[in-house]
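**Q** Which chain is which? The protein sequence lines are D and Y, in order.
First residue of the first sequence? That's 17 in our numbering, and the numbers climb one at a time after it.
First residue of the second sequence? That's 147 in our numbering, and the numbers climb one at a time after it.
Some hints could be false.
As the list claims (entries may be wrong) - Straight-line Cα separation of at most 25 Å, SDA-like style, residue types lysine to any residue; simulated pairs:
#1 Y/K587 x D/E57
#2 Y/K338 x D/L196
#3 Y/K555 x D/L196
#4 Y/K649 x D/E173
#5 Y/K555 x D/W77
#6 Y/K324 x D/E104
Since the hints were derived computationally from the structure, they do not count as laboratory data.
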Amino acid sequence: MLTFILRRLGESFLVLLVMSLLVFTGVYAIGNPVDLLIAPEATAQDIAQVTRALGLDKPLWEQYFYFLKQVLNGDLGRSFMFNTPAIELLLSRMPATLELALAAMFIATVLGIPLGLLAGLKADSWIGKTIMTISILGFSLPTFWVGLVLIMFFAVEIGWLPSSGRGPTSSLLGMPVSFLSWEGLRHLFLPALNLALFKLALIIRLTRAGTQEALLQDYVKYARAKGLRARRIIGVHVLKNIMIPIVTVIGLEFGSVIAFAIVTESIFAWPGMGKLLIDSINNLDRPVIVAYLCVIVVFFVVINLLVDLAYAFLDPRVRLGATAR
Amino acid sequence: MRLRRLTSLFLFSILTAAFSPAQAAELKVGVGADITSMDPHYVNLFPNNGVAEHIYNKLVTLDPDSRLIPDLAESWKAVDPTTWEFKLRRSVKFHDGSDFTAADVIFTYDRVGKIPNSPGPFTVYTKAIISSEVVDDHTIRFKTATPYPLLPNDLSTIYIVSKKVAGNATTEDFNAGKVNIGTGPFKFVEFKRGDRVELARNDAYWGKKPAWEKVTLRILPNDPTRLAALLSGDVDAIENIPTPDFAKIKANQNLQTSTKTSHRIIFFHLDQQRDQTPFVTDKDGKPLEKNPFKDLKVRQAISKAIDREAIKTRVMEGLSLPTGNLVPAPMFGHVPSLTPEKYDLDGAKKLLAEAGYPNGFNLTLHAPNNRYVNDDQIAQTVAQMLTRAGITTKIVTMPMGVYLGHASKLEYSMTLLGWGASTGESSSALRPLLATFTPDKGLGGFNWGRYSNPAMDGVLAKAMATIDDKEREALLQEAAILSMKDIGLLPLHHQINTWATKKGVVYTPRTDEYTLAQEFQPK
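Chain Y with its partners taken away, still in its complex shape (with noise of 0.2 Å):
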């Protein structure tokens, strides 16, 4: 008995080794959010990104330090303060056998702009464009109204479809798979709604070949599910592994792990504006004559309390580096004497002490519960940990799409928020972040501690006007240490992107938390 079923396994193996197709050019990988159009230009989602970084090119893109390199454009300059002219790489061919040409780069950026109904367009990034000029095939120009610096960094956000193919296509027509023609690694094969997207090797692909004739991108965002698929060989790597199973999959013989600091940071806005705040109250419950968070004592009692280090190895298993900056290092606008703030009770009791609360006083603390890695225990941490210092700290928290709804509208006092620098450079934080409120300028959208400092405005405007790379990255240093000194935001940490692959597979990880096929190698 036991014989005949040791043999029928053997069978079994025999036969299943000799059905499945080659191991080394086929990858599957499990993403953790689901995809919902195939558009590269309908809604500016992340995970929809994920799947356009497959198949087509930009003109500029970023390494996975995310620091800015040619992609599509050779090379790029500023001719003069409002005039960019970008160099398009020759003998590029899109998927179908015809030639990239600036044409095409002329079609996407206006197609962007007529994509109906789009909750998130695209347009943010090429609205500075007020006119373009095609010099020749290869050469392009941006003529922008006034001086502007982050032209490639936004560009860097735009994905080039043939004008040949998707002229006059819908975004119906991209979810149907009919116009999907790009420049990029692969080519797109199959998108099954809410399941998965396969590709396929470009074999004419400009730049590095892919290790995979054939990649799937399984959607699979519960956590559980991902990690299942992969420990059952279902797939062969994954994203995003969940924080309590780091450990576990890092000991793993069959698996391997890759890291990388994200260029999200997580943080909590102190509403330091209006003269009283509706969360915090004095210790029997009673409305504070003043708001505590417009004295710069409080908010750096409050960042002394926060043990960061304690967050970084109880709360999220080791996957976060505690900061004091807006961005990571080797990021542009990243400043490395901002260290992050040292855990120091007795010195942040001293300081509420001298700013009038020697005992402190009573606050709710807001956070959401389903965006970032593990915000509610962070704020049920931080908020044990503002208790101890005096300050009796209760949390409330909510999914993202009801809490950004109340946040945005300013009701709460103190609130967690995560922020990716995803153009890959720090003005993308400051500009939102920091900048005094003005929603005319698309300044200080996501301010919502109302931080407001002319001298930091003044410093910023003038990074925004400056071109030369050398001089921005140093205004942009200066902004980022002037906010920081007066606590505009309070630094928690910058996420660890994580990734796992079975043995045999290598990932190169990234900054801007996008899993890649192309970055994927046997080894």
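The following block holds chain D by itself, in its conformation from the complex (with noise of 0.2 Å):
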């Protein structure tokens, strides 16, 4: 189990060297942020002394070694736009993402587990047709129109949400939540369900397909002739064996649900990280851009890691140490 962890975090380790290093090429091959920044007026001394300052003039191999030290001592740089390190930047932005990726993700688990399993059970029924051609229009829709319908019509039309934005926020474990307040849910619930219809249609299908192979399982059919009622056959045998699957893509999609929040954020100028990022790549504002892929990779290993262990949880024919390679 421990040498497993370790060997995931190693891992983890040369993915983020690479992925720095790769940004960090990037940025530095589109140009210098100080050109886009500074007064028009400026001589070529001020852009030379502005470019010195900020270390952008050395070349890009001891830029990047500069960095790499930093990053031992704890520092990935400082915001050029916000003149703010860009990891308290990230973690002031982050609550609102995790906030609106959790709400999408728990819309989308609670409707779509039991949608998909209604979904499978009665196949054939007028309700289980319905239920796979809406989950045919969430897969299919792009996010940003949907977003835009959603506000057009509960915002603009009927006025019965705000259009955009985080309400007022107040503090639970020291992070600022928007959801304990009424007004805060309100605008918390377009963007979620905004978020959430990707991944519901998702999980919608992948709960059916699981509920009709489970179905035809021979354990499901001696339970049923031991006399078992629907409700524990459904509940224990069913829903506990596709649970595996389900599991796993819920965890795979909250971490693109977290760095694919961007869309979903800008449509509802919902203050998350997503936001951040857009801005800081029309701003080449590198330390921010390369501190917010770290945090992605980060979550991402976490997440993955996180989903291993609930393997071992649902299955315990699942041993993570004795099946390592």
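Since each chain sits alone in its own frame, please combine them into the complex, following the hints.
**A** Pasting the structure below:
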């Protein structure tokens, strides 16, 4: 178990290193943020002086090694745009993104599993077919368009919900969260729903497929023959067995929900990390871009680890340390 | 059932009416770009300055037409060619109740030079000052090395902070809201990154008191989102109405719009220095012997081939002012006789033939696609127009961050750029865009066409050493006429700034594009 975790951490270090090198080179190739930000009246000396002060005059490898050295000291660099440590900037935006992502996954799971189960059990009835049709829409409609339609309908046309932004926040274990107040929930609902739709469709389809497959298994037939109640068959024998792929997908998708919340955050002016990333790319704010991607990589690694651990919990046949290569 | 729903709706509306704060005193504005810092001196960035405009004053400021007017300085004059004297306004108080004096000005200009890590420092606007002298608490003198007429314009960009409060303040202190004390019409309340800035009225303001007790600037960079926020009543006003929606907003009974010609000009640079230019070929794709843009006739032909009126009506939905000038009227240096070039396809073809290109040539036009209003559509349209005249034109567009690096290394042949004369006079376009490229003097930094006319350089240099406003304006006009006659750059149009407000709120629109809560009035 411990070796498994350690190996995972080692691998993720490599990923971080390669990723940061790629981003560094990429942003370096695009250009110098000073050109973009300095006043037009600046002389060549002014520009050179500012470039030097930011350390951007040095060759790429030197900048990169300086960056690595600073990382070892726990410093991912300062944002050019904000003049704030990049990691601090990200951490200040992260609660908003996490809240949105968790709310979206909550909606997707809480609605998706029962609906998928229903669709699987009653595959040929009208209800099963309706659920599947809706899930196709969830898959195929682009997020930004659905977001705009949601805003147009709920905020502009009928005016029940605010069109954008995050509501008032209150502190929960030191994190500013908005779901504890009614106003905050009203602001959270539309973006969370928007972000959830795709995942909802995914979970519905996955659950349905798993259910249909499980229903044909011998142990289900046997349980039926034994005369168990339908509730027990579905709740214990079917659901528990189809949970492994679903948990995997929920875990993996949670990472992508965080990473791809960008679109929803832009449409709903949600002050999360994704919006910060877009602005930083436009302004060539390299420290923030690198720090953002590092954080996302760490997220994926941690989530994958948790998913693997959850396997072992759900399926006693999986023994992490023993099955290692 | 229906009755019950109606009743609950009724009750709901009574409740919301009872609990919502007084409407007249609060203003929520949707702004179109992210705000990165509360330190007014950290980086010279338009959205950040837009917030500072509420909290702080400057010695000199710009009126809605971008002409210089007094702010914290009541008057200013050049006592000799290299000395400027500013008389400061008396009995002005900072938000904390302390008096504003010359010491705060000296402190502020000093602080500007001491901000670490700024990629876009304000020092560009203070460096002309070689020494300053406090004559008394309300009189201050600045020495410049050479006669420098633009000092008042330059100082119109520097926000005065309190020496007492911001004495050792860092950018972090400003971002945390600890030291944000100014003399402006609003007091700083809160900054929520990526979300909003909250302000409260300064009841002791020395100038005209704003109508709003509380102001929220919501950061809504996404166009449809900003518009939806206005339509749903979440905000009372927005800036930058997306052009495709302008007609609809204008027709909406519950909203009103205000517009003003921007100081921003959209234009093309044509590579007119090199003998061979990378993105021009003959019709078979082979390099041309010489660079056609060096020929004035070709530049004139291109200007005539562009139908600026069509771009205005079709691409910009009426939101542009075709121009032959560098700055709009009535800004300092505007030349009334420079009218936009008339669309003349036959004339263009004739000029091309005279220049030796009866069949035209091939060209790739480069443009940004996320910086100016409809920049990529403008490039597409112009490409079509040039193709019609015989210059088969392709376009390549890219985000500004990528574009700027390549274009400033002169990798392209014809480039689209926008320019705002942010200090309120035409030399702020002439110097970087048209003066001969001399980086040591800060001239021609954005002269991507490398246009060079010694006569124009001479007139411009003379203007830059002329303190008298009338004489200087005449010289600047002469410089503009000289360079426009040569088509040193190819002007297209001025953008038109737009604002939309809900009914009952009016905005005094501004040339400098700022959205200022103090300029909104209840009607």
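**Q** With reference to the structure, classify each hint as holding or not holding.
**A** Verification of the hints:
1. With a C-alpha separation of about 9 Å, the suggested pairing of Y/K587 with D/E57 holds against the 25 Å cut-off.
2. The hinted pair formed by Y/K338 and D/L196 meets the criterion: a straight-line CA distance of about 19 Å does not exceed 25 Å.
3. Proximity of Y/K555 to D/L196 is assessed by CA-CA distance (about 53 Å); at most 25 Å being required, the pair is judged violated.
4. Taking the CA atoms of Y/K649 and D/E173, the gap is about 18 Å. The hint holds against a cut of 25 Å.
5. With a C-alpha separation of about 22 Å, the suggested pair Y/K555 and D/W77 falls inside the 25 Å cut-off, and the hint holds.
6. Note on Y/K324 and D/E104: the hinted pairing holds, with a Cα-Cα distance of about 18 Å set against a maximum of 25 Å.
Comparing the model with each numbered hint stated earlier shows that hint 3 is the single one that does not hold.
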